[in-house]
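**Student:** In the order they appear, the protein sequences are chains A and B. Quick note on the numbering used here: the first sequence kicks off at 5 and runs consecutively. Quick note on the numbering used here: the second sequence kicks off at 3 and runs consecutively.
Careful: at least some of the hints might be erroneous.
To give a feel for the contact side, a few chain A residues facing chain B, derived at Cβ under 10 Å [as the list claims (entries may be wrong)]:
id, residue
1, Thr8
2, Leu27
3, Gly28
4, Asp76
5, Arg237
6, Gly240
7, Phe346
8, Val349
The hints are simulated quantities; they were obtained by calculation from the structure and are not laboratory data. We put the beta carbon where it would ideally sit given N, CA and C, even for glycine.
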Amino acid sequence: MPETPLSTLQGWGRHSARGRERLGEDLERISGEVHLSRGLGRSYGDASLPPDDQPNVVNTRFADRVLRLDSDTGLVRAEAGLALSELNRLFMPRGYFTPVSPGTKFVTLGGMVAADVHGKNQHRDGDFGDHVTSLKMRVADGRVLECSPGQHPDLFRATIGGMGLTGHILEVEFALHRIPSQWIWQESRRIHDIDQFQDALETAAPDWPYTMGWIDCLARGKAMGRGVLMTGRWAGAEEAPSRPPRQGFRPSLRFDWPAWVLNRFTIRLFNELYYRKQWRPRSSGVVNHESFYYPLDAIRSWNRMYGRRGFTQYQCVLPREAGRGSARRVLEVLTARGGASFLCVIKDFGREGRGVLSFPRPGITLALDIAVRDDTQALVDALNEQVLQEGGRIYLAKDSFTRREHFEAMEKPRLDEFMAIRDRWDPNRRFRSAQSVRLLGD
Amino acid sequence: MKVAILGATKGMGRALARAAAERGDEICILGRNSIDLERSAADLGVRGAGDSVWSVVCDLERPEMFGPAIDAARESLGGLDAMVVTAAIFASQEELESDPDLAERLLRIDFSNTVLFCEAAKKALLREGGGTLCVFSSVAGERGRKPVIIYGAAKAGLSHYLEGLDHKHRAEGLRVITVKPGFVKTSMTAGLEPPPFAGEPDAVARRVLGAIDRGAPVVYAPAPWRLIMAVIRALPRALMRRLNF
Chain A
5 MPETPLSTLQ
15 GWGRHSARGR
25 ERLGEDLERI
35 SGEVHLSRGL
45 GRSYGDASLP
55 PDDQPNVVNT
65 RFADRVLRLD
75 SDTGLVRAEA
85 GLALSELNRL
95 FMPRGYFTPV
105 SPGTKFVTLG
115 GMVAADVHGK
125 NQHRDGDFGD
135 HVTSLKMRVA
145 DGRVLECSPG
155 QHPDLFRATI
165 GGMGLTGHIL
175 EVEFALHRIP
185 SQWIWQESRR
195 IHDIDQFQDA
205 LETAAPDWPY
215 TMGWIDCLAR
225 GKAMGRGVLM
235 TGRWAGAEEA
245 PSRPPRQGFR
255 PSLRFDWPAW
265 VLNRFTIRLF
275 NELYYRKQWR
285 PRSSGVVNHE
295 SFYYPLDAIR
305 SWNRMYGRRG
315 FTQYQCVLPR
325 EAGRGSARRV
335 LEVLTARGGA
345 SFLCVIKDFG
355 REGRGVLSFP
365 RPGITLALDI
375 AVRDDTQALV
385 DALNEQVLQE
395 GGRIYLAKDS
405 FTRREHFEAM
415 EKPRLDEFMA
425 IRDRWDPNRR
435 FRSAQSVRLL
445 GD
Chain B
3 MKVAILGATK
13 GMGRALARAA
23 AERGDEICIL
33 GRNSIDLERS
43 AADLGVRGAG
53 DSVWSVVCDL
63 ERPEMFGPAI
73 DAARESLGGL
83 DAMVVTAAIF
93 ASQEELESDP
103 DLAERLLRID
113 FSNTVLFCEA
123 AKKALLREGG
133 GTLCVFSSVA
143 GERGRKPVII
153 YGAAKAGLSH
163 YLEGLDHKHR
173 AEGLRVITVK
183 PGFVKTSMTA
193 GLEPPPFAGE
203 PDAVARRVLG
213 AIDRGAPVVY
223 APAPWRLIMA
233 VIRALPRALM
243 RRLNF
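So that you can see chain A by itself, here it is in the shape it has in the complex (with noise of 0.2 Å):
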C-alpha cells in the first residue's frame, strides 16, 4: 500500500509537527513498527507529536471498547483510547465517577495515564494513575505484555506520567468511584491576594474534596493574585435535582480569531469582570458536574481563540518547602516581563504521585495560559529559572518551551532513573516524541 502523505499534527496549544497518524480499532495490529501513540491530541505542546526523523505514530481513538464492568468494586478495564466523556456519558448515570478528572473530558484513558493527569481532587485523591490496578502495553521489543504494581512494576511506574516513551498503552484498568449524583455542591469565595489564596486553599483541604482557585494575574502590588476560590462536593441525591442534568448547545470557534483580539485591554477586561462577578464574598449552590469540571468544554476548539500562533500553558509545582509567597514570587516574574494570562489557575497538591516522573508533588501549582509571542521563550525560561529556584517542576502535558538544562535541573534523580528504566525496556530508543527529542536529548 502507498504510504499516505504527511500531514500536519497539533497539540492543543496549536504547536505542530508534521506526521502521519495510524489509526485503527485494533491497536495491537496497528502499533507495530510505530513508536509513539496519540489520543484526543489534548496535551498542550508537543508531547503528543512525533520526532522529525520517525513521522508516524498510532492514533487510538477508535480503540474505545470497555471490556469490563466490575459492578460491585467499580473496577473498569477498557481499551486505551475510550474518551473520558464517553466514560462519564456511560457510567455517571449509573452512579460512577472517574476518581480523577483532568480539565476537560476530551481524553482518553491513555494519555490519562501517560500524563498521569490531576484534578481538583488532588490534595485527597492524588493523581489519575494512584486508581490504575494494571495496563496492557506494546513494549519496544515488540512484545505485547501487562504490567502492574506487581508486575514489570518499574515499566508501570515509568509509565504512569511517562508521556509515553516507555511503549503503546493499549488497556487501562482502574477503579471507579461511586456518586450520589451527577450535581456538584459548589461554594466560591473570593481572596483579596495571592498568599491569602495559599492560605485558603490549605485551610479548605480537609473539608472538601474538590478545590481550585482562578486568579486575575494582571492585578499587580497588593491586590496581585486576588481571585475566587472554588471549593465542591458531589450533591446528596436529596439536594440535587431529580432530573440528570442536559447537555446544553456547544457553541464552536469556527475560525482563528486575529492575534490582536486578545490584548492586554481584553484580557484585563475579562479578568476584571470575572472577579467582580463574584461580587458576594461566599456563594454557593447545586450546580452541573460538567460546569463544575469542564467550564472550557462548552466552546469547542476554544483553543482557536488564541489565534494561528496558538499558545501555551505554563503549568508548573511550588514544593510546600518554598513557603508561603512562592506563588507570588512566580507571578512577579509574569508581571514585571508584561506577560498577560488570560486564565490563571492556582490548586493545592496533597501528594507525590506515584509514577517515576508524574508531575505533582505536595505544595501549591499554578497554570497560566499565554499566548505564543516572540517573547513566549524568553517569559517561560524566566519562569523556569524561578522554579528551579523554588524546588518546583513543571507539567510536561502542558510544555512546549521549556529547554532541556532547565527541565534537566528540575528533575535531575527522577529523570536518571527514568532513563535506566528506558534503558532496561527499549535501549535503542524507539519510542520518542519531539517533547522527547527537546527534553531529552533522543
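Knowing the structure of chain A, use the given hints to seat chain B on it.
**Tutor:** Quick look at chain B alone, frame taken from chain A:
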C-alpha cells in the same frame, strides 16, 4: 428487537451495535475473528445489552459459512427481527488499478459475497414470517465517478440488488433497507481528507436505527447527502466528465 449485525466490531457497525445495545435491543454480532467478537460483545454488554449479547463467527470471504452462521445467530437470539450488514472492504481507485487481485477480492466481498449473504439472510427472515434486512451500500454507487470507479461499481450493483429484493418481498413482510452513507469518519476512511458534511458514525447509527424502526427503504446518512446525491445524479454526463469528484 432481536438484531444480528455482520461487521459490528468496527466502524459504523460498531456504532450501530452500541446504539442498539443502549436502547435495550438483543444483539448477535457476526464477524471473522472470535477474539475480536468477544471483546465487542463485552463492550456491548457493559453498554446496556447486559447478558443479551451473543457472537457468531462468520467470514464474508467464506460463503459456505453464511447459512449456518445466520441459523446460529437466530438460535442464540431465539428469533430474528433484523439482519444488518455493515461489513465490507474499501480500497482507493489507485490501489485497485495497480493490484488486480485486490480488485477481484473487493468485488467478491463487497458485491457477490454480500449478495450471497443477503440471499441466505432473506431465506431465514422469510421463514420467520418477515423482518428487516438492512444493508450498508454507499453513495459511491450512485454515479460513475473517477475516484471510486471499481468500489462504486460494486456498491452500485449491491444497491440495485437490494432495491429489487425490496420490491419483490415487501408484500411478504420482508423490508429491505439500503443504507447509503456519505463520507463517515471511521477507520475505513482514515487517511482520506474529510469533505464538507463528513459525518460521525454515532449520528449515522441513530439515523439507521430510526430507519429500521420505520422500514424506510433508502437511508442517506448523514442527512445532507440525500440532497448532494440528488444533485450529482442530475449532473449531465459532459459535466461529470470534467469533475474530479
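**Student:** Checking hints one by one. Is A/Val349 an interface residue toward chain B, by the C-beta closer than 10 Å rule?
**Tutor:** 31 Å, violated
**Student:** Minimum Cβ distance from A/Asp76 to chain B below 10 Å?
**Tutor:** With Cβ-Cβ at 14 Å, over 10 Å, it is violated.
**Student:** Taking 10 Å as the limit, does the beta-carbon of A/Gly240 come near enough to a beta-carbon in chain B?
**Tutor:** Violated, because the Cβ-Cβ distance from A/Gly240 to chain B comes to roughly 27 Å (cut-off 10 Å).
**Student:** Please check whether A/Arg237 passes as an interface residue: C-beta within 10 Å of a C-beta belonging to chain B.
**Tutor:** Violated, about 28 Å.
**Student:** Quick one, is the A/Thr8 hint okay against chain B at 10 Å, beta carbons?
**Tutor:** 4 Å, holds
**Student:** Quick check on A/Leu27 please, does its C-beta sit within 10 Å of some C-beta on chain B?
**Tutor:** Hint on A/Leu27: holds, closest Cβ of chain B at ~4 Å, below 10 Å.
**Student:** When the nearest CB of chain B is found for A/Phe346, is that gap smaller than 10 Å?
**Tutor:** 30 Å, violated
**Student:** Answer holds if the nearest beta-carbon of chain B is closer than 10 Å to that of A/Gly28; otherwise answer violated.
**Tutor:** 5 Å, holds
The structure shown violates the earlier hints numbered 4, 5, 6, 7, 8.
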